[in-house]
Every structure is written in C-alpha cells, then in structure tokens.
Amino acid sequence: MEKNSFWSPYLAGIGLGLTLLAAFYIMGKGLGASSAFSIVSAVATDKLNPEYAKGLKYFSRYLSVDSPLKDWIVFEILGLLAGAFTGALLSRNFRLKFDKAAGGSSRARFFTALAGGILLGFAGRLARGCTSGVALTGGAQLALAGWLFVISMFISGFIFAAIFRRLWS
Amino acid sequence: MNSPLFEYGLISEGAGLIVAVVIGFFFGLFLERGGLGNPHKLTGVFYLRDFAVPKAMFTAMVVASCGLYSLGDLKLLDIEKVWIIPTYFWPQIVGGAIFGLGYLLAGYCPGTAVAALGSGRTDALVTILGMIAGSVLFAVVYPALEGFYLSSGMGTVTLPSILKVNHWVVIAFVLLLAGAMFYYMERFERKTRENS
Numbered sequence: 032m033e034k035n036s037f038w039s040p041y042l043a044g045i046g047l048g049l050t051l052l053a054a055f056y057i058m059g060k061g062l063g064a065s066s067a068f069s070i071v072s073a074v075a076t077d078k079l080n081p082e083y084a085k086g087l088k089y090f091s092r093y094l095s096v097d098s099p100l101k102d103w104i105v106f107e108i109l110g111l112l113a114g115a116f117t118g119a120l121l122s123r124n125f126r127l128k129f130d131k132a133a134g135g136s137s138r139a140r141f142f143t144a145l146a147g148g149i150l151l152g153f154a155g156r157l158a159r160g161c162t163s164g165v166a167l168t169g170g171a172q173l174a175l176a177g178w179l180f181v182i183s184m185f186i187s188g189f190i191f192a193a194i195f196r197r198l199w200s
Numbered sequence: 005m006n007s008p009l010f011e012y013g014l015i016s017e018g019a020g021l022i023v024a025v026v027i028g029f030f031f032g033l034f035l036e037r038g039g040l041g042n043p044h045k046l047t048g049v050f051y052l053r054d055f056a057v058p059k060a061m062f063t064a065m066v067v068a069s070c071g072l073y074s075l076g077d078l079k080l081l082d083i084e085k086v087w088i089i090p091t092y093f094w095p096q097i098v099g100g101a102i103f104g105l106g107y108l109l110a111g112y113c114p115g116t117a118v119a120a121l122g123s124g125r126t127d128a129l130v131t132i133l134g135m136i137a138g139s140v141l142f143a144v145v146y147p148a149l150e151g152f153y154l155s156s157g158m159g160t161v162t163l164p165s166i167l168k169v170n171h172w173v174v175i176a177f178v179l180l181l182a183g184a185m186f187y188y189m190e191r192f193e194r195k196t197r198e199n200s
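As they're listed, the protein sequences go chains A and B.
For the first sequence, my numbering gives the first residue as 32, with consecutive numbering after it.
For the second sequence, my numbering gives the first residue as 5, with consecutive numbering after it.
Please keep in mind that the hints were generated in silico from the structure rather than gathered at the bench.
Possibly wrong hints are sitting among the right ones.
[As the list claims (entries may be wrong)] Which bits of chain B does chain A cover? Going by a derived footprint, with three or more residues having C-beta under 8 Å, they are:
(1) 6-18
(2) 30-42
(3) 96-110
(4) 135-144
(5) 188-200
[To be verified] Chain A residues, not near chain B, derived (Cβ > 10 Å throughout):
(6) P81
(7) E82
(8) D97
(9) P99
(10) G134
(11) S136
(12) R156
(13) Q172
All C-beta atoms in this analysis are idealised placements derived from N, C-alpha and C, irrespective of residue type, glycine included.
Using the sequences provided together with the hints, build the complete structure.
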C-alpha cells in the first residue's frame with residue numbers, strides 16, 4: 032500500500048475549475064485531451080502512408096493545415112504531462128511502474144490498457160470529445176452535450192463494473 | 005469588454021500556444037495532486053470505494069460554471085465568443101457509453117492517462133497508444149459511420165436555453181445536486197471505513 036499523499040479532491044477540483052475558467056477567459060475555449068491523440072494519429076498515418084491518409088475523409092480536418100501539430104490542444108497536452116510530472120516529483124509520488132490491479136497479471140493489464148485505449152480513442156471521436164472536452168468543459172458551460180455524455184459514461188461504467196467485478200477491486 | 009483575450013486579438017497565435025502549455029501545466033498538476041493519475045482511484049467510483057473523480061469533477065464544473073456566467077453577467081467576458089460544445093444527441097450518448105467501458109478497462113480517460121504517464125505509470129503509455137489506434141480506427145470506418153455521426157444534431161444548445169430559464173436557476177440546481185452527491189459520498193466512505 033503506497034502512502035496517500037494526494038490533496039483533497041475538492042481542493043484539486045477548485046484548481047481544475049479555475050484552470051478551466053482561465054482557458055475560457057484567455058482563449059475562449061475549454062480544456063480538452065482526446066483530439067490531441069486524433070491529431071497525432073492523423074499525422075502518424077500521413078507519415079507512414081500519405082496516399083492512404085489523404086483518402087481518409089475524417090483526417091482531412093487535421094491534414095488540411097500546414098503543421099497540424101502546432102495546435103492549441105497538442106501544446107496543452109505537453110503542458111499537462113509536465114504539470115503532472117512536476118506534481119508527482121514535488122510530492123515524492125513519482126514512481127516508474129507498470130500499474131495494474133492487485134493480483135492481476137501484467138499480460139492481462141497490457142490487454143485491458145490497450146483495449147480500453149482503443150475504445151477511448153474511438154468513442155472520443157464519436158462523441159466529439161472526452162471527459163475533459165465534453166464532460167468537464169461542456170458540463171461547466173451547461174451545454175446539453177456535456178450532461179448527456181457524463182450521464183451515459185457513468186451509467187455505462189457502473190454497468191460494466193458490475194459485470195467485470197474483479198477488474199480493479 | 006475585451007475577453008476572451010484570444011478572440012479579441014489581444015493574444016497572438018504563437019502566444020496562444022504558450023498559454024496552452026501553461027494552462028495544460030496546471031491542468032496536469034491538479035489532476036495528479038487530486039489522485040487522478042492513479043487508475044485505482046480513477047476506477048474507484050465504479051466500485052463505490054473511492055469518489056475522488058466525481059468529487060473533483062463536479063467541484064471543477066461548479067467553480068468554472070459560476071465563474072463563466074458571473075464574468076458574462078458582469079460584462080467582463082463575451083460568452084457569445086466562447087466556443088460551446090455542440091450537441092449531437094445519439095452520437096454523444098452512444099459515445100459516452102463506449103467511453104465508459106474504455107475508461108473502466110484502461111483505468112484512465114485521455115487526459116488522466118497523460119497525468120498517469122507523468123507520474124511514472126508505463127501502462128498509461130499502452131493506453132495512449134491504444135487511443136491513437138482507436139482514433140485511426142474511427143477515421144477508417146468513418147465513411148460507414150458518417151450518417152450516424154452527423155445525426156440528431158441540435159447545435160450549441162445549453163440546459164438554460166432548452167428549459168427556457170435563467171442560467172442561475174440551472175447552476176443552483178447543479179449546486180444542489182453536487183452538494184447532495186458529496187454529502188452521500190462522504191457518508192458512504194465513512195461507513196465503509198468504519199466497517200473495515
């Protein structure tokens with residue numbers, strides 16, 4: 032059992048809320064995450080096989096600009112990585128490890144981490160964002176989209192947690 | 005009124021990218037400090053054993069919502085120029101449901117996977133590669149999905165606009181909802197601690 036050195040989630044929530052508010056005030060948009068990976072996926076496909084990437088209609092929204100990676104959300108994610116790294120280091124919470132459920136195998140964890148990631152990437156595109164861009168940002172804007180997504184996500188999570196009871200507990 | 009600063013041309017494209025890094029830095033810092041880079045805490049809510057996710061998330065939502073609409077009402081921020089997430093009813097419900105399963109399996113959502121990587125979790129790197137693969141998969145099957153993807157579009161509707169009430173009515177309701185949730189979560193956590 033590692034010692035719990037985290038802040039109160041309410042305090043972290045206030046910090047997150049003020050960060051989101053700053054994004055609204057300065058940039059006129061909220062926080063996001065999933066589309067950064069969509070941009071990276073478009074650029075990677077374009078590097079590997081430009082002809083094929085050009086044929087993918089969905090990717091044209093990213094590949095039509097000169098440098099797709101010079102995007103707000105890609106830079107935001109780089110900042111996110113640095114911020115989390117700093118927080119973990121300063122609180123002595125940084126530990127290199129392949130995290131998994133207690134008693135689970137690393138191989139099983141590899142597959143759940145990968146399959147979960149694929150579903151997240153796919154669903155994020157379908158919903159036009161993820162927990163950051165749709166749920167948190169949309170929820171704070173009182174946008175219908177945010178509340179639909181949040182409710183659907185939690186109901187689904189609870190149902191599948193009841194089915195996969197030993198996944199994490 | 006001259007904000008959002010970027011929309012009023014007070015911040016250049018290049019400076020916007022620096023702002024992105026700074027905003028992202030605090031986003032990641034608060035996620036990690038709230039324990040939201042830890043898959044055991046992130047999935048705790050679904051097993052009713054750790055409510056850090058809804059506590060942090062609804063606190064953040066309420067703070068940002070009050071701030072956004074206060075600044076708007078005080079004419080300090082032009083809400084018309086803030087990009088509001090558009091609603092596509094069924095795609096967002098189905099997307100949310102698939103997302104919920106992905107979140108449970110991975111133990112992360114996209115932003116928190118990056119926060120987890122920042123705190124040294126290499127399994128989060130597998131999830132990130134999966135997300136990139138999932139995005140490619142979406143682009144590949146997009147022609148077959150486009151009809152559904154663009155269906156039930158409702159534009160940038162908000163709860164106050166649908167219910168035809170003042171935004172503070174909705175915010176008061178969200179505050180009450182969050183308060184009640186927090187109360188029961190604290191009580192539930194205290195009970196489980198006493199029993200263990």
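Annotated coverage of the segment 135-144 of chain B by chain A, confirmed only when three residues or more have a Cβ within 8 Å: holds (count 10)
Interface-negative label, Q172/A against chain B, beta-carbon threshold 10 Å: Label violated. Min Cβ-Cβ 5 Å, cutoff 10 Å.
Report holds if the minimum CB distance from D97/A to chain B is greater than 10 Å, and violated otherwise. At roughly 12 Å from the nearest Cβ of chain B, D97/A sits farther out than 10 Å, so the non-interface label holds.
Just checking, E82/A versus chain B, shortest CB gap more than 10 Å? 14 Å, holds
If you look at each residue in the segment 6-18 of chain B, do at least three have a Cβ nearer than 8 Å to any Cβ of chain A? holds (count 6)
If I take the minimum Cβ distance from P99/A to any residue of chain B, is it greater than 10 Å? 13 Å, holds
Can you take a look at whether the segment 188-200 of chain B is actually covered by chain A? Rule is 3+ residues, C-beta closer than 8 Å. Coverage by chain A is violated for the segment 188-200 of chain B (0 residues, Cβ < 8 Å).
Count the residues of the segment 30-42 of chain B whose CB lies closer than 8 Å to any CB of chain A, then report whether that count reaches three. Per the Cβ count (13), the hint holds.
Does the no-contact call for R156/A survive, Cβ to all of chain B over 10 Å? Given a closest Cβ separation of 4 Å, the condition is violated.
G134/A remote from chain B - nearest C-beta pair above 10 Å: Label holds. Min Cβ-Cβ 13 Å, cutoff 10 Å.
Assertion that chain A covers the segment 96-110 of chain B - criterion: three or more residues, beta-carbon distance below 8 Å: As far as the segment 96-110 of chain B goes, the hint holds, because 15 residues have Cβ atoms under 8 Å from chain A.
Beyond 10 Å on every Cβ pair: is that true for P81/A relative to chain B? 14 Å, holds
In this structure, the earlier hints numbered 5, 12, 13 are contradicted, and the remaining ones agree with it.
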